[in-house]
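This is what each chain is made of:
Protein chains: 4
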Amino acid sequence: MTFESLRNEAYEANMKIPENHLALYTWGNVSAFDKDKGVFAIKPSGVPYPELTPESMVVIDLEGKKVDGSLNPSSDTPTHAVLYKEFAVNKGGEVGGIIHTHSTCAVAWAQAVRSVPLFGTTHADHIQKSVPCTPYLSREAVERDYEKETGLLIVKHFEELGLNPSEVNMVLCGGHGPFAWGKNADKAVYNGTVLEEICKMAMYTLQIRPDATELPDYIVNKHYMRKHGPNAYYGQGK
Amino acid sequence: MTFESLRNEAYEANMKIPENHLALYTWGNVSAFDKDKGVFAIKPSGVPYPELTPESMVVIDLEGKKVDGSLNPSSDTPTHAVLYKEFAVNKGGEVGGIIHTHSTCAVAWAQAVRSVPLFGTTHADHIQKSVPCTPYLSREAVERDYEKETGLLIVKHFEELGLNPSEVNMVLCGGHGPFAWGKNADKAVYNGTVLEEICKMAMYTLQIRPDATELPDYIVNKHYMRKHGPNAYYGQGK
Amino acid sequence: MTFESLRNEAYEANMKIPENHLALYTWGNVSAFDKDKGVFAIKPSGVPYPELTPESMVVIDLEGKKVDGSLNPSSDTPTHAVLYKEFAVNKGGEVGGIIHTHSTCAVAWAQAVRSVPLFGTTHADHIQKSVPCTPYLSREAVERDYEKETGLLIVKHFEELGLNPSEVNMVLCGGHGPFAWGKNADKAVYNGTVLEEICKMAMYTLQIRPDATELPDYIVNKHYMRKHGPNAYYGQGK
Amino acid sequence: MTFESLRNEAYEANMKIPENHLALYTWGNVSAFDKDKGVFAIKPSGVPYPELTPESMVVIDLEGKKVDGSLNPSSDTPTHAVLYKEFAVNKGGEVGGIIHTHSTCAVAWAQAVRSVPLFGTTHADHIQKSVPCTPYLSREAVERDYEKETGLLIVKHFEELGLNPSEVNMVLCGGHGPFAWGKNADKAVYNGTVLEEICKMAMYTLQIRPDATELPDYIVNKHYMRKHGPNAYYGQGK
Chain F
1 MTFESLRNEA
11 YEANMKIPEN
21 HLALYTWGNV
31 SAFDKDKGVF
41 AIKPSGVPYP
51 ELTPESMVVI
61 DLEGKKVDGS
71 LNPSSDTPTH
81 AVLYKEFAVN
91 KGGEVGGIIH
101 THSTCAVAWA
111 QAVRSVPLFG
121 TTHADHIQKS
131 VPCTPYLSRE
141 AVERDYEKET
151 GLLIVKHFEE
161 LGLNPSEVNM
171 VLCGGHGPFA
181 WGKNADKAVY
191 NGTVLEEICK
201 MAMYTLQIRP
211 DATELPDYIV
221 NKHYMRKHGP
231 NAYYGQGK
Chain C
1 MTFESLRNEA
11 YEANMKIPEN
21 HLALYTWGNV
31 SAFDKDKGVF
41 AIKPSGVPYP
51 ELTPESMVVI
61 DLEGKKVDGS
71 LNPSSDTPTH
81 AVLYKEFAVN
91 KGGEVGGIIH
101 THSTCAVAWA
111 QAVRSVPLFG
121 TTHADHIQKS
131 VPCTPYLSRE
141 AVERDYEKET
151 GLLIVKHFEE
161 LGLNPSEVNM
171 VLCGGHGPFA
181 WGKNADKAVY
191 NGTVLEEICK
201 MAMYTLQIRP
211 DATELPDYIV
221 NKHYMRKHGP
231 NAYYGQGK
Chain D
1 MTFESLRNEA
11 YEANMKIPEN
21 HLALYTWGNV
31 SAFDKDKGVF
41 AIKPSGVPYP
51 ELTPESMVVI
61 DLEGKKVDGS
71 LNPSSDTPTH
81 AVLYKEFAVN
91 KGGEVGGIIH
101 THSTCAVAWA
111 QAVRSVPLFG
121 TTHADHIQKS
131 VPCTPYLSRE
141 AVERDYEKET
151 GLLIVKHFEE
161 LGLNPSEVNM
171 VLCGGHGPFA
181 WGKNADKAVY
191 NGTVLEEICK
201 MAMYTLQIRP
211 DATELPDYIV
221 NKHYMRKHGP
231 NAYYGQGK
Chain V
1 MTFESLRNEA
11 YEANMKIPEN
21 HLALYTWGNV
31 SAFDKDKGVF
41 AIKPSGVPYP
51 ELTPESMVVI
61 DLEGKKVDGS
71 LNPSSDTPTH
81 AVLYKEFAVN
91 KGGEVGGIIH
101 THSTCAVAWA
111 QAVRSVPLFG
121 TTHADHIQKS
131 VPCTPYLSRE
141 AVERDYEKET
151 GLLIVKHFEE
161 LGLNPSEVNM
171 VLCGGHGPFA
181 WGKNADKAVY
191 NGTVLEEICK
201 MAMYTLQIRP
211 DATELPDYIV
221 NKHYMRKHGP
231 NAYYGQGK
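Residue numbers (the UniProt record's numbering), protein chains in the order written: chain F, 1 to 238; chain C, 1 to 238; chain D, 1 to 238; chain V, 1 to 238.
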């Protein structure tokens with residue numbers, strides 16, 4: 001099997017989508033990126049998770065062209081390709097895996113076209129900003145190349161908000177749903193799972209207090225830095 | 001066993017109701033239709049899913065008469081019969097299986113007598129319209145023939161809204177609950193499961209933003225057509 | 001083992017409380033009534049479900065006195081005793097089993113001290129009225145004999161509303177939680193499970209439409225009678 | 001193995017966090033306290049529950065210094081140390097185990113910075129007061145010593161409200177999440193699980209009736225005392 005470890009990484013990560021209850025049926029996909037070779041392995045389109053194998057993963061280059069594999073790749077493949085190209089290669093961001101799902105609460109926020117306020121430390125343990133939500137794609141963008149333009153809109157939205165994709169590793173696409181990423185495919189699934197939980201907690205917070213306020217910056221930074229800063233003391237070190 | 005494959009199809013589909021958490025106890029039924037023979041196989045009334053067998057399915061004609069089987073059919077049988085007769089035979093629609101359940105969120109929308117707005121792509125991947133919700137049945141209709149009139153009201157509601165049952169394959173009956181269908185019984189269960197998830201996402205969307213807006217038409221059509229149009233590119237082809 | 005079949009019935013029913021997710025830890029109890037002998041078997045107090053056995057059930061008479069068994073009965077025992085005495089014996093109602101739990105959504109309605117509106121057919125399939133909710137117990141009643149007075153308040157509330165306990169087999173105690181009953185302990189558990197689902201559906205209905213209206217009487221009656229009336233046609237007959 | 005029984009107690013209790021669905025990934029920790037020796041055993045930081053062993057628990061003294069163990073302790077260790085020192089030693093409270101999690105509904109109330117009203121008997125069975133919620137920590141406190149100050153703020157908040165930690169054994173930290181405790185680690189997990197359920201019920205109660213009122217004091221006291229008072233009659237006695 002060519003690209004064996006990349007395929008294995010993508011396969012293992014995709015199998016966590018149903019395990020973590022992030023999608024019904026086939027509504028989610030993960031890819032794993034090899035920056036040196038400039039290719040990523042991604043779930044085949046429309047294939048149920050129990051039928052997946054490492055061999056069934058499809059290997060794609062950064063132009064979205066199939067390099068290896070017998071099946072059609074996920075229809076969201078061009079979005080993955082843009083994010084790897086822009087975030088990982090051009091910006092040198094830590095993006096070695098990407099996940100897209102239709103997890104329930106993240107979709108609800110995306111359908112509300114509303115960024116997720118940073119209400120508490122569960123959120124701040126992972127990112128220091130609201131989870132951004134892009135506007136709807138324009139008619140022209142949809143007609144031009146829907147999936148590629150989805151990626152370009154995410155990139156543009158991050159630029160406009162001055163966000164660093166190595167730090168803010170999750171996004172909602174307005175009217176659609178979540179994408180998340182990480183240094184590898186497994187970390188991408190982790191961040192996609194965190195995003196769903198953050199979205200649920202924030203929705204409940206608004207239910208309990210519709211005018212809830214965001215966490216003060218100095219607590220946000222403390223929580224983020226104790227896990228991710230140069231002097232991080234969470235966990236067992238490297 | 002007569003009608004063996006039809007019974008097997010109905011049996012397998014009914015067993016997915018508890019598996020997909022679409023009903024408590026016996027509160028849901030699926031039927032499978034054989035258009036050539038003009039009969040459908042349906043769950044027996046009030047029998048718990050673990051006690052079902054292919055043999056226990058009841059075979060019914062389009063007038064609602066029992067053709068084969070020793071048990072009483074689901075009390076909702078006349079609704080199924082009307083939908084097959086009107087949607088599959090008279091209108092030539094793609095209706096080879098029907099599901100009715102009391103899944104929680106779909107019932108909540110039905111009890112609110114409110115059609116489900118098309119807020120996002122999870123919805124648009126399946127139908128291009130709001131999920132229609134019929135008004136309450138009239139007193140006369142209930143007294144005349146409740147279950148048959150339920151089917152006739154669905155048909156009338158689709159006509160009034162100009163909906164094509166091959167495209168809009170799900171409906172809420174006001175004050176009651178959901179019906180969904182598909183080209184076979186398995187696809188009907190799929191659509192019933194999708195409907196429950198769409199209803200949950202839409203409810204949460206309203207919670208996050210009570211004045212949430214519907215997805216623009218051009219995104220709706222793009223998502224629907226990439227899965228269902230003549231040039232669909234989702235999945236592995238036919 | 002004395003009262004063997006009664007103990008078995010109570011034991012089997014109690015084991016369904018965790019199975020149906022109706023209570024955490026030991027927060028629920030079921031009893032089974034033998035009208036001829038004037039005794040009921042009930043869960044011992046504070047014993048986790050996995051440690052229960054038929055032998056551990058406690059047998060109690062209608063004055064609340066222990067007849068048989070080595071353990072302390074549920075602290076809610078006097079409430080059960082009153083309901084059997086008043087509803088089953090004095091009123092001749094069909095009450096052969098009683099369940100009390102702290103199931104989440106039923107407790108939420110009880111804590112809101114709000115009866116559950118009859119929004120749809122899932123509700124009407126079981127009872128033809130709103131699920132009644134008693135007011136808080138008075139200070140005097142609590143000081144006199146809390147658990148017995150809980151039963152007496154339920155009985156008084158049913159009398160004031162003109163409810164028949166053979167037909168309305170569920171109630172919420174304001175600020176506390178649900179009781180339900182049926183012709184035997186198994187049916188009581190069924191009704192307790194139905195009540196939790198009805199409460200969840202009604203809560204969601206209000207979320208979707210805060211001014212949702214109740215189901216018209218003629219549909220309520222149709223649904224109830226097709227399952228429970230003299231010409232009921234739901235199920236496989238007796 | 002040194003501190004064998006303390007380590008075992010902490011280990012067993014930590015394993016209940018995922019079992020009781022109180023945290024995703026590694027987002028929760030339990031400690032067990034030996035008052036005579038002035039040390040507690042706590043979960044190591046960032047280690048997934050399936051990889052825990054009794055040996056991996058870290059033993060810490062009341063100044064927060066590691067006494068035994070090869071791994072880094074939970075980053076929340078200084079909060080545990082303060083609570084044992086102040087509540088168990090200085091105040092002589094019944095605090096032999098502490099739990100901290102990010103359970104969903106408790107976090108939602110903490111993010112809303114709102115104490116949980118005492119709406120019903122499920123709550124009153126455990127504590128006789130609203131579940132207190134501290135304000136956000138000040139900037140100075142966060143900069144000084146975040147985790148230790150979290151403990152000190154809890155202690156100060158209890159003093160200001162006149163709460164007894166032997167009676168009120170749970171708290172929400174504003175913008176963060178829940179801590180709970182009990183006479184041992186197992187009871188701490190019990191109280192943390194109860195807290196999550198109370199928070200869910202209270203949130204739903206507000207959804208059903210935004211102006212819901214708190215349970216009258218005389219019912220609160222009755223329920224609490226029948227379980228915890230000198231004449232308690234819940235359970236099977238000591």
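Think of the hints as simulated: they come from the structure by calculation, not from any bench.
Keep in mind that the hints are not guaranteed to be accurate.
In this list, chains with the same sequence are indistinguishable; a pair is considered to hold if it fits within one copy or across any two.
With a straight-line Cα cutoff of 27 Å, these simulated DSS-like cross-link-like pairs (lysine-lysine) come out [stated by the list, open to error]:
1) K16 with K187
2) K156 with K16
3) K227 with K16
4) K222 with K37
5) K35 with K222
6) K129 with K148
7) K129 with K66
8) K65 with K129
9) K227 with K37
Verification of the supplied hints:
1. In this assembly of identical chains, K16 and K187 lie within 27 Å of each other by CA distance both inside one copy and across copies; the values are 11 Å within and 25 Å between.
2. Taking CA atoms no more than 27 Å apart as the test, K156 paired with K16 passes in neither setting, with 30 Å inside one copy and 43 Å between copies.
3. In the homo-oligomer, the alpha carbons of K227 and K16 lie at most 27 Å apart both inside one protomer (24 Å) and across protomers (24 Å), since each shortest distance falls under that limit.
4. In this homomeric assembly, K222 and K37 never come within 27 Å of each other (Cα to Cα): the closest approach is 37 Å inside a single copy and 33 Å across copies.
5. Neither within a single protomer nor between protomers do K35 and K222 lie at most 27 Å apart by alpha-carbon distance, with minima of 32 Å and 32 Å respectively.
6. Taking the shortest Cα distances, K129 and K148 sit within 27 Å of each other both inside one copy (25 Å) and across copies (25 Å).
7. In this homomeric assembly, K129 and K66 never come within 27 Å of each other (Cα to Cα): the closest approach is 35 Å inside a single copy and 34 Å across copies.
8. For a Cα distance limit of 27 Å, the shortest separation of K65 from K129 qualifies neither inside one copy, at 34 Å, nor across copies, at 34 Å.
9. Within a single copy, K227 and K37 get their C-alpha atoms no closer than 31 Å, and across copies no closer than 31 Å, so neither meets the 27 Å cut-off.
Hint compliance for this structure: hints 2, 4, 5, 7, 8 and 9 are broken, all remaining hints hold.
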